[in-house]
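Novice: Listed below are the residues making up each chain.
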Amino acid sequence: MGNIVVIGPRLSGKTTYLAALSYLPALRSQKGKDNNFKIQPLNDESRDLAESAENILVEGATFESTKIAEGGVDSLPYYSFQLQVKKGLFKKIENIQLNVRDYPGEVFEKIADRNLSDEIHQEFIDECLMADVRGCLILFTHWEHGTDKFYYKVMSQFIKLMDEKQRTQNLKLAVVMSKCERGELWPGRIDPETDLFGIHLPRTKTILQDSINPKNLRFYALSTFGVLHKNDPRPNRIDQAGSNGSESVLREPNSWQPYNLIEPLYWLSKV
Amino acid sequence: MFKNILNKLSNKSEYVEENASIRVIGDRQSGKTSYMASLAYYPNASSDSFVQSIIPIGEDAENLVTQAQNILEQGLELEPTMLNANIDEVKDYTLNITLVNQVKLTINCKDYAGEFFSDLMYKIGDSLLDDYLDDCLQATGIMLLIDGTSHRKDSEYANGLDKFLLALNQADLDKGKRRIAVTFSKCEQSELWINRQSGEKIANNRFPQLYRRLQAWQKMKIGEVSYFTTSSFGVLGSQFPEPNSQKISRGREGTKSIIKNPRRWRPYGLVSPIYWLCTGKRNAKLEE
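Protein sequence lines, in the order shown, are assigned to chains L and F.
Each residue of the first sequence is one higher than the one before, counting from 1 in our numbering.
Each residue of the second sequence is one higher than the one before, counting from 272 in our numbering.
Here chain L stands alone, though its shape is the one from the complex (with noise of 0.2 Å):
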């Protein structure tokens, strides 16, 4: 049970991600699958998330990035799912029930900005890191050069406000690469923590393990799209030309395979 946001830079696919967990559902009926998780909508807004998921991934459009609406902090959704996790054969079903708030983008990147004096930024940062708020999904996208030192700017300044609103010792932090669909970084997935973020994001990584406790610092890797099959690791993405950049669809909606996406939103969920 817990109540959890995701935050990350702009364009790292969180509303993607959550579209893609509310989505689930009908993928695996589609497929027959069954699998150590089953995750069901809860309420209006992630049943209505499911629905663009529908219309959006599979059918080959593009989500709107989340803008901070007028009403502020108070207008961005609760997504609500209901985990149900079957670990081993004769384990007992559990029941997690998980409410997930999906951050603008922008509310992120203006962390390393250190000028906290703007009040809707404020708003934000007061309600991620309140009390009630077990875990944080971070979703990081970028790899290239120069990135790191953007993330380290901004996580160390994240951590500083942690410190402030005393939350270093009880906030989890799942620390995500995502997209991992990439050519580059499919074969990391494995052992993300040193294949992915050793490698590509280390003064990232080393700010996170300096600071926060082990027990509530894990690092994964997921991927929304996926790829195109076991044997065949193209990623299950097209890239297009986007109002802000470059924007991704599924390539073979058919062949949709999300990798890891409940993973880390159990870990977080756990006392």
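I should point out that these hints are in silico values taken from the structure, not numbers from a laboratory.
Among the clues, some could well be false.
Unchecked claim - No farther apart than 20 Å at their CA atoms in a straight line, the calculated lysine to aspartate or glutamate pairs in the EDC-like style are these:
| no. | chain 1 | residue 1 | chain 2 | residue 2 |
| --- | --- | --- | --- | --- |
| 1 | F | LYS434 | F | ASP397 |
| 2 | F | LYS518 | L | ASP239 |
| 3 | F | LYS518 | L | GLU70 |
Said to hold, decoys possible - Just a sample of chain L residues kept apart from chain F, beta carbon distances all over 10 Å, derived:
| no. | residue |
| --- | --- |
| 4 | LEU11 |
| 5 | LEU42 |
| 6 | GLU54 |
| 7 | TYR78 |
| 8 | LEU89 |
| 9 | ILE120 |
| 10 | LYS160 |
All C-beta atoms in this analysis are idealised placements derived from N, C-alpha and C, irrespective of residue type, glycine included.
Based on these hints, arrange chain F on the given structure of chain L.
Specialist: Chain F only, in chain L's frame:
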């Protein structure tokens, strides 16, 4: 007193009777009238409930049932309760609550306008406000109803409460210890529902300033505080609980909504704070 109740429980022919005179205070939109109306209309809720019956007594309480029909059967939004020019005009509802364990609670409950609480926060030395405060001091129990989603107003609530507690402290003490039941409303909302059985945790995590004031007050040993969660609308389903409410708006003031499926109305935790205000004990059966 506890022994007394036990004795009476073993003698099954007799009901244990507890009375309380309660004032429900809370900010605008905290859901006071919805709460009262759901309570008055409770008999129609569920047959396997721990609450056997709730019977409204008198004209005011019967009007509540009409309100309940509007909110819960027709899904209407309620008009805000207006602040009366005179404290004597405030509706005083009497309800008879009978529990399965043969405890009978009779409460007189006044539903103040939300303006009362916001005036507490911002006004000083207003004679009408003083009248309301004096009336509040006559009560044996105070129910402070707070929209659980309005946590961004925490510091304002804490300030309003300061003035209120000050007035309580200055009043004479021959009434014994006062009880304040802090009750978070709208807990059908998913982010609150998951913590519905830990009201104190909600207080501490979402309303830290309010919580600290109340804990400090309790330490002065002139009163007791306990934390509750409630939902006038409840949720749909038990394995996959979904809020049985449809959101109209959400803002700093909290969440405004109407009931979604009136036929599956199943309120949560309505009687629990009252039980505690009457008896000083919590009853787990009322918080399932």
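Novice: None of the hints should be skipped; say for each whether it holds.
Specialist: These are the hints, each one checked on the structure:
no. : hint                 : result
1   : F:LYS434 to F:ASP397 : 13 Å, holds
2   : F:LYS518 to L:ASP239 : 37 Å, violated
3   : F:LYS518 to L:GLU70  : 17 Å, holds
4   : LEU11                : 27 Å, holds
5   : LEU42                : 5 Å, violated
6   : GLU54                : 20 Å, holds
7   : TYR78                : 6 Å, violated
8   : LEU89                : 22 Å, holds
9   : ILE120               : 12 Å, holds
10  : LYS160               : 20 Å, holds
The structure fails hints 2, 5, 7 (numbered hints given earlier, in ascending order).
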